[in-house]
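Here the structure of chain E is known, so what remains is to put chain W in place on it, guided by the hints.
Spelled out from the first residue to the last, the chains are:
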Amino acid sequence: MKEVIHTPVPSVEEEEYHINMGPQHPSTHGVLRLVVTLQGEIVMKLKPHCGYIHRGMEKMCEKDTYPQIIHLTDRMDYLSMHINNHAVCLLVENALQIEVPERVKYIRTIMDELCRIQSHQLWWASFGMDLGGLTCFFYGLRDREKILDIWEESTGARFLQSYYTPGGLMWDIHPDFQKHTKEFLKYFKKKIRDYEKILSGNVIFRERSRNIGLMTKEEAISYGVTGPSGRGSGWSCDVRKHHPYALYDKVEFKEILYQEGDTLARYMVRMDEMYESMHIIEQLIDNIPEGDFSAKMKAVIKLPAGEYYQRVESARGDLGIYCISDGNKTPYRMKFRTPSFSNLSILDHISRNLKIADLVAIGGSLDLVIPDIDR
Amino acid sequence: MASNIYDTFVASVTQWIHNGLYHLLPPFWALLVELTIIGLVFLLFYALVGLFLVYAERKVCAFMQNRVGPNRVGFYGIFQTIADFIKLLMKELVVIKNSDKLLFTLAPFIVIIASFMAIAAIPFAKGLHAIDFDIGILYVIAVSSLGVVGVLLAGWSSNNKYSLIGAMRSGAQIISYELSVGMSLLTIIILAGTMQFSELVQGQEYGWFIFKGHIPAIIAFLVFLVASTAETNRGPFDLAEAESELTAGFHTEYSGIKFAFFFLAEYMNMFIVASIGATVFLGGWMPFHVWGWSGFNQVMDYIPPSIWYIGKTGFIIFLMMWFKWTFPRLRIDQLLNLEWKYLLPINLFNILLMAFIVLMGWHF
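In order, the protein sequence lines correspond to chains E and W. Sequential numbering from 2 applies to the first sequence in the numbering used here. Sequential numbering from 2 applies to the second sequence in the numbering used here.
I should point out that these hints are in silico values taken from the structure, not numbers from a laboratory. Quick caveat: nothing in here was measured; it's all calculated off a predicted structure. C-beta atoms are modelled at their ideal positions from N, C-alpha and C, and glycine is treated no differently.
Distance condition first, Cα-Cα at most 25 Å in a straight line; then the derived SDA-like pairs of lysine to any residue:
1. E:Lys190 to W:Thr327
2. W:Lys102 to E:His19
3. E:Lys191 to W:Arg68
Here are the computed distance ranges between Cβ atoms for each label pair:
4. W:Gly315 to E:Ile222: 54 to 62 Å
5. W:Gly75 to E:Ile54: 36 to 44 Å
6. W:Met361 to E:Arg207: 39 to 47 Å
7. W:Asn72 to E:Ile99: 50 to 58 Å
Facing chain W, according to a computed beta carbon distance under 10 Å, are these residues of chain E, among others:
8. Ile20
9. Glu42
10. Leu132
11. Phe138
12. Tyr140
13. Asn203
14. Ile357
15. Leu360
Bound conformation, chain E alone (with noise of 0.2 Å):
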């Protein structure tokens, strides 16, 4: 006779059951799988899957040429990425020591705020939809498309640019770019006003969000939560400020801390973050010095051997690149630090004995883009 072999069933104490969040799920934001175990309404523990949009990016990286990785790491964090290829922009450029023109700098900086700032406005769409505002993603897209247009103008893409390269950019920006961006913030300081009418200031979602997924800054410390979830538990913890890279030494900005280490606490960081995003660009846009776009690179990029690392303050929190090269044009490995995939590592942690509501708020709040947990 044959045995049936049963497919082991995770321990359930008494009263519980499972239910499987993903990976096709509303408020999952991609393909992320959490196996969540309740009682009743109220969450007792969460298991993470991951992989189900696993590419094997870092094994990919071996094969490629260091032009060739930037082009893999928009595809991380989607919505980051600028920020992303200016990470493997500047671990080549450190490591061969090139000193990239100003007018680059500027322009990078410019561009990785924009980014930040179209990244943060997605966010709170659908952070709004997670919590039932669906009017929220509405508002939040349509001022996203500003940024886009902006952004197909210069790069010539809407989505994955690549407009990063070693040594400076792939193109150099459109005529109109300053005009338009200087718009747009016109605009934008308008609309945000309305962001906080709708969400910010509204009682339900107060309630809904306040002393929900505590964290404190020895738990974000200790699960490497960083960015804008890390400082809304106090952690000061932005890259730009602590190892500045670009024109961040250049430029005055606030880095937002709040200490309530609540879902709150994380909307409202992001929420200024937005505003202090605007007052970076509004610094560097009329000065854009004139000059080459790109310093000048060999044809073939080889790193010298030995290990790098290079440190960028994405949408998300610290993304970290680790390199080890030897001494051939495509690297020996290649490690990305992603902030999604630690961000991910305390949803259990927080989001134990609350309700499987607070959950989505909870996860919406952390705001993880699943690529990039996965690469």
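Only chain W this time, still in chain E's reference frame:
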């Protein structure tokens, strides 16, 4: 009185059909044919109102979200909902493995029958109602609360955990908020002294109850708005569906026409609740009259009563859509706190206040 023209028109048409039928047929068959005609008229009305409300919601929500809304099928997209319902009619009815097939099929019918029965008592104009109970309000509250049975059955029989959570939420929610709806209507019943819809409307000839009862009536109206939005599973209270948490809540597993039943019933419940609100608080089909201003009153009477009724109901429906498209969703414990800790005490106090005012004769 100009409204008499409309009254006599409605009365004469119904009388003509009635006399004709009794003249042609024996009484039993005449009654049967009459009932069938009324049933068909209501069925048609039900479908048309449902389609129109779906279209209205799409346009209102598009307006609030900086979109255009449906604008391709027909003039300004008016046939979009019809096209959608034809699509839903032709879709496969998926039956889930291990689901309780009888209850699974029965549930949408219970929901739709509950909302269908409630329409019968609503007066659309003078004499334009299927039945005028002397306990009209009690009947409507009783019948419309049957719908929760369908929702619970749908969640239970689907064999899906999301559905079950949604159904349990909706059970807790509707049963709690029914209290507030009932009590806010009770406040007005104290003022009016009747539960019959026709007398309620007649009592508002010179001043709607929201003006007559001033402070307690306004409080009751606000409570009614909140509670009735919750009772119809809409707006910030759509926890039973909660698409970002439970995918689609209690109707996750439904497809085709069975899903359309739930969908239609949601909009019809909104219509019924808005009708009751308009009838009880805003005077139903009664035009806006002011005591003593006979010239003004006559001008108001030239607007047909059904237009008044539709206008008032439409206003409340618009308010409910406004809620839905601007507020985020509540959590289940906050929802129950709102009812048991705030609305219910306010309501109980409000009833006392209204009784006191009626006793002292301080109303208009």
